[in-house]
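Asker: Each chain is listed here by its residues.
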Amino acid sequence: MEAVSAAMIEVEDLDDTALLAAASAAERADRVVQLTKLRIADEWCVRHPATTDAGTATWGDTGLPGLSDCEASLGGDGSPAVAAFVAEELGAAMGTPPGPRWG
Amino acid sequence: MGLMADALDLRHRLPHLWAKVKAGEVAPYKTRRVATDTRSLPCEAARWVDEELAARVDGFGVPTVERLVALAAARFAPEEQAEKERQSRSQRYVRLTHPRPGEDAGTSYLEAAGNTQDLTAFYNLLCEEAKRLGRLGDTDDYETRKVTALGVIAARQGPSSSPRRPRTAGG
Numbered sequence: 001m002e003a004v005s006a007a008m009i010e011v012e013d014l015d016d017t018a019l020l021a022a023a024s025a026a027e028r029a030d031r032v033v034q035l036t037k038l039r040i041a042d043e044w045c046v047r048h049p050a051t052t053d054a055g056t057a058t059w060g061d062t063g064l065p066g067l068s069d070c071e072a073s074l075g076g077d078g079s080p081a082v083a084a085f086v087a088e089e090l091g092a093a094m095g096t097p098p099g100p101r102w103g
Numbered sequence: 001m002g003l004m005a006d007a008l009d010l011r012h013r014l015p016h017l018w019a020k021v022k023a024g025e026v027a028p029y030k031t032r033r034v035a036t037d038t039r040s041l042p043c044e045a046a047r048w049v050d051e052e053l054a055a056r057v058d059g060f061g062v063p064t065v066e067r068l069v070a071l072a073a074a075r076f077a078p079e080e081q082a083e084k085e086r087q088s089r090s091q092r093y094v095r096l097t098h099p100r101p102g103e104d105a106g107t108s109y110l111e112a113a114g115n116t117q118d119l120t121a122f123y124n125l126l127c128e129e130a131k132r133l134g135r136l137g138d139t140d141d142y143e144t145r146k147v148t149a150l151g152v153i154a155a156r157q158g159p160s161s162s163p164r165r166p167r168t169a170g171g
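Taken in order, these protein sequences are the chains called D and P.
Using our numbering, the letters of the first sequence correspond one by one to residues 1 to 103.
Using our numbering, the letters of the second sequence correspond one by one to residues 1 to 171.
Since the hints were derived computationally from the structure, they do not count as laboratory data.
No experiment lies behind these values; they were computed from the predicted model shown.
Heads up, some of the hints might be wrong.
[Said to hold, decoys possible] Pairs of lysine-lysine residues, derived as DSBU-like cross-links and limited to a Cα-Cα distance of at most 30 Å, are as follows:
1. P:K30 x P:K20
2. P:K20 x P:K84
3. D:K37 x P:K30
4. D:K37 x P:K20
5. P:K131 x P:K146
6. P:K131 x P:K30
7. P:K146 x P:K30
8. P:K22 x D:K37
[Stated by the list, open to error] Facing chain P, according to a computed beta carbon distance under 10 Å, are these residues of chain D, among others:
9. L14
10. L35
11. K37
12. S79
Glycine is no exception: its CB is placed at the ideal position from the N, C-alpha and C atoms.
Same shape as in the complex, but just chain D (with noise of 0.2 Å):
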């Protein structure tokens, strides 16, 4: 992440080559970082799966009761269900809003 944030400061000093090399571990660092998010996801799924006590996810969630209309889970058929909410903690602590269309 060091060579990234230098690389956004200083791209008007390099040379092409380096340039290109910041281009390279930008690229790089990206991938680190999406990959972090997946498997952090994939854990926090792993640890809040559906309970009768705690309800399910779905897209439809809405904080509201009552206006929960989408009974879908969030993930495709095959794929556990995960508790309620527990995607709306996620993406505040990502600072992501909640629903299909973020995150």
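Let chain D serve as the given structure and place chain P on it in line with the hints.
Answerer: Here is chain P on its own, set in the frame of chain D:
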């Protein structure tokens, strides 16, 4: 949220891609694209896409993902696909357009809209024929050879009412 749904589906529906992305062999955004695009498909369809993509040693692009997802939908979710087909059948056609005056007199346009499996089968046949022509020494680029392949396949189907023109370089 999309991230959690993608992670869930990668672990449970796309296990080969999940292993590859964790090993750094596939870009995470591509695997998330596969997870999102296969979301509405049955589990066995997602598994099939997973195996097909993971078997591609040289990696894959978004067009490949889109094509495999369409094929998986046709194979594994036939009822849903049949309903979509009923809705879209009115939009099916094969259209041949000849050049208008002033355009290149030797160039026509062939466009088809229809069943994914049929069109993919024909398109794959074209690509195979184009590759074969390349191996036989046709030096045209791949796209041009695919067009040439149309004529080769037409000729192979037997006597045609359409007059055959002699092949010329670049034509």
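Asker: Run every hint past the structure and note whether it holds.
Answerer: Now for the hints, and whether the structure bears them out:
1. P:K30 x P:K20: holds (11 Å)
2. P:K20 x P:K84: violated (33 Å)
3. D:K37 x P:K30: holds (14 Å)
4. D:K37 x P:K20: Holds: K37 (chain D) and K20 (chain P) sit about 16 Å apart, inside 30 Å.
5. P:K131 x P:K146: holds (8 Å)
6. P:K131 x P:K30: Roughly 28 Å between the alpha carbons, so the hint for K131 (chain P) and K30 (chain P) holds.
7. P:K146 x P:K30: holds (28 Å)
8. P:K22 x D:K37: Holds. K22 (chain P) to K37 (chain D) sits at ~11 Å (cutoff 30 Å).
9. L14: violated (24 Å)
10. L35: Holds, about 5 Å.
11. K37: Check passed: Cβ of K37 (chain D) comes within 6 Å of chain P, closer than 10 Å.
12. S79: holds (4 Å)
The structure is inconsistent with the numbered hints 2 and 9, although it conforms to all the rest.
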